[in-house]
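Anchor point for the sequence shown: position 51 equals 51 in full-length UniProt numbering, and the numbering is continuous, going up by one each time.
It is worth saying that the hints were derived from the structure and are not from the lab.
You may find that some hints are simply not true.
Stated by the list, open to error - Below, computed lysine-lysine pairings styled on DSS-like, alpha-carbon distance capped at 25 Å:
hint, residue 1, residue 2
1, K524, K446
2, K51, K440
3, K464, K316
4, K316, K326
5, K450, K487
6, K326, K441
7, K51, K69
8, K440, K466
9, K466, K446
Treat the numbers as computed from the prediction; the structure is a model and nothing was measured.
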Amino acid sequence: LCCECGQAHPLLDNHLYNFQDEVDDELICHICLQPLLQPMDTPCGHTYCFKCLENFMQEYNFCPMDRKKLSFLQCHKSSLLVRNLLDKLIVLCPFKAECQQTMQRCELEAHLQNRCPGFKKYKSELQRKKNPISKGKEDPPARGETNTPKDPEIPCGNSSLVAESSGAAVVSLGTAEPGLVNPAFEETEEGESLVQKTSLVAETATIEIHREDPEEELGMRIVGGKDTPLGNIVVQEVLRDSVIAADGRIAPGDHILEVNGVNISSVTHCQAVSFLRHPGPVLHLMVLQEKGFSSRTAQQDCSSTAREVIHVTLVKRDRSEPLGIKLIRKTDEAGIFILDLLEGGLAAKNGKLSRNDRVLSINGQDLRQGTPEAAAQIIQTTESRVNFVILRQPGVQLGEPVEDGSTSNSSSSSSNGGSPVHHRRRPDQSHYRRKSSYQKKTVAIKKEPKESLGITIGGGRDNKNKLPIYVTSVQPIGCLFRDGRIKRGDVLLSINGIDLTHLNYYEAVSALKSNAASHSVTLKALEILSLNSPEPSLDIREQGFSWSPLWITWLGLPSNLHFCQDVVLSKGNLESWGFSIVGGFEESKGNQPFFIKTIVPGTPAFRDRKLKCGDEIVAVNGVPAIGMSNSELIPMLKEQRNKVTLTVVSWPGSLV
1 LCCECGQAHP
11 LLDNHLYNFQ
21 DEVDDELICH
31 ICLQPLLQPM
41 DTPCGHTYCF
51 KCLENFMQEY
61 NFCPMDRKKL
71 SFLQCHKSSL
81 LVRNLLDKLI
91 VLCPFKAECQ
101 QTMQRCELEA
111 HLQNRCPGFK
121 KYKSELQRKK
131 NPISKGKEDP
141 PARGETNTPK
151 DPEIPCGNSS
161 LVAESSGAAV
171 VSLGTAEPGL
181 VNPAFEETEE
191 GESLVQKTSL
201 VAETATIEIH
211 REDPEEELGM
221 RIVGGKDTPL
231 GNIVVQEVLR
241 DSVIAADGRI
251 APGDHILEVN
261 GVNISSVTHC
271 QAVSFLRHPG
281 PVLHLMVLQE
291 KGFSSRTAQQ
301 DCSSTAREVI
311 HVTLVKRDRS
321 EPLGIKLIRK
331 TDEAGIFILD
341 LLEGGLAAKN
351 GKLSRNDRVL
361 SINGQDLRQG
371 TPEAAAQIIQ
381 TTESRVNFVI
391 LRQPGVQLGE
401 PVEDGSTSNS
411 SSSSSNGGSP
421 VHHRRRPDQS
431 HYRRKSSYQK
441 KTVAIKKEPK
451 ESLGITIGGG
461 RDNKNKLPIY
471 VTSVQPIGCL
481 FRDGRIKRGD
491 VLLSINGIDL
501 THLNYYEAVS
511 ALKSNAASHS
521 VTLKALEILS
531 LNSPEPSLDI
541 REQGFSWSPL
551 WITWLGLPSN
561 LHFCQDVVLS
571 KGNLESWGFS
581 IVGGFEESKG
591 NQPFFIKTIV
601 PGTPAFRDRK
611 LKCGDEIVAV
621 NGVPAIGMSN
631 SELIPMLKEQ
641 RNKVTLTVVS
651 WPGSLV
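Start from the sequences, fold in the hints, and give me the full structure.
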């Protein structure tokens with residue numbers, strides 16, 4: 001249960017409250033339909049919860065109410081009067097059986113922590129479940145200290161890996177380490193002493209995922225498979241508030257090697273999706289995680305040291321005042337660490353935070369498996385008091401931060417300076433893009449004016465991935481079900497001569513509804529045909545998300561339906577672009593598309609946040625990549641010293 005509201009909800013979701021009286025509609029968020037939390041005003045005069053609006057703006061660029069163009073940066077915190085009105089709303093204690101008190105919403109957290117007998121009972125029961133049997137003189141670890149209570153010390157040679165979201169290094173180091181070796185784009189004959197300082201590191205980890213509901217989706221998107229140039233199965237995205245996100249150990253760019261003991265490093269995309277969608281309370285995954293470049297000689301102090309949990313409060317004069325803290329991740333331990341305190345900054349003047357402190361939480365938000373980006377977001381949105389809970393390990397020096405690097409084709413060799421590196425599996429030479437084709441069809445039907453088409457759709461050019469309009473379901477009540485030619489997954493091209501391929505979702509819905517009122521309807525559609533074996537039954541489980549085509553299906557679309565976008569990357573002279581590519585022309589396979597296989601944390605490609613694993617590179621600085629070999633495209637990228645424009649097509653990975 002959440003320690004602030006006393007109810008169960010995902011970590012990044014809004015708090016839940018039981019209000020005594022019906023709340024005025026003017027104080028309701030029209031996204032979540034609950035009383036506003038951290039209200040934000042838009043320039044067009046609407047108000048939403050901070051988290052609701054932030055999540056909405058990740059998908060769309062307009063106001064949810066009037067659809068006017070909107071950027072999250074244009075929004076601002078509601079007036080103090082509105083926030084006070086909301087904080088004074090009367091709520092009931094969630095522990096009704098033991099406590100019947102009512103209080104203002106802003107007083108609930110203090111009530112739970114200090115006065116509520118129900119919450120006190122809950123915490124006692126939780127503690128008993130965690131420690132059912134006393135183990136002699138062993139003391140339980142400090143509250144919030146670690147996810148592994150049995151081992152409060154720092155493990156030597158810890159093989160567990162840091163997992164972070166696609167934006168985790170936004171507040172990490174922004175410059176490359178002098179002397180950084182880049183085996184992919186920079187040929188060098190530096191001596192052994194230089195090579196030893198920076199080595200490309202990749203490690204494997206076995207991760208156990210637990211699900212209360214065995215049918216619950218994992219909440220990540222995957223790309224790749226042996227029937228694509230990517231070869232391996234690669235995590236493209238981890239969805240917020242999902243099972244995988246809550247676990248915190250899997251990040252975009254990770255390669256999934258095994259699922260429940262089954263090797264999936266050489267299976268097709270569809271087979272991998274089937275394995276990962278298999279229901280069960282426990283899922284065992286073996287993943288390969290590239291760490292970029294890190295110091296070979298940096299040693300962690302593995303001595304047993306007493307850990308101390310410290311509470312520190314910093315008070316900002318206004319929301320925009322920086323704290324003067326540099327946050328990073330470490331290569332061998334999950335979580336966030338303080339790299340440095342900027343001289344003259346608020347934190348340095350306060351004097352209570354130290355270099356190498358591990359941040360456990362900020363303002364009550366658990367960051368034990370968090371990222372620097374998540375911490376920065378909490379700090380930036382806090383009006384005044386920033387409450388840190390940190391873990392201090394006396395005498396332990398911070399290891400070198402993960403540095404950025406880049407690799408070329410995954411089958412090419414790279415200099416690692418003799419450092420022990422777990423190499424990524426070399427893709428089998430039979431890995432190639434799955435051959436797909438499509439079939440155009442025209443469906444003309446006669447119908448009653450009041451009879452509906454009976455389909456639901458997805459996609460639209462306002463979608464995050466700029467998808468064409470596609471059919472998500474054919475309902476048994478409409479004329480298209482009776483006709484039988486339009487199927488789920490078909491891409492809709494036009495209706496009664498009206499082009500649907502460039503419309504956003506709402507425009508397409510409007511066009512379909514208005515034309516459905518006529519006596520006759522002519523639909524033009526595209527059906528993607530697989531030349532390989534048919535897909536397994538991948539569409540049975542749809543808990544919590546709408547059906548959408550598999551990633552590999554999109555690869556078969558004709559180029560006129562691709563939505564290309566330009567991504568401009570800039571870098572310093574000592575930096576690398578920070579992504580690896582696979583694909584290209586080969587004599588035995590013909591033209592293969594170029595795909596981005598990995599994006600290294602802390603690099604220009606990572607910081608820009610527009611590129612994703614599985615994106616197809618169409619052109620470099622306007623020069624088409626089609627027909628090029630890998631050995632031709634790599635030098636072209638190598639020649640671009642400080643700036644490059646990549647034209648890419650981005651398809652959403654398959655949801656598992």
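### Query
Taking each numbered hint in turn, which are not upheld by the structure, reported in ascending numerical order?
Hints 2, 3, 6 and 9 are the ones this structure does not satisfy, whereas the remaining hints hold.
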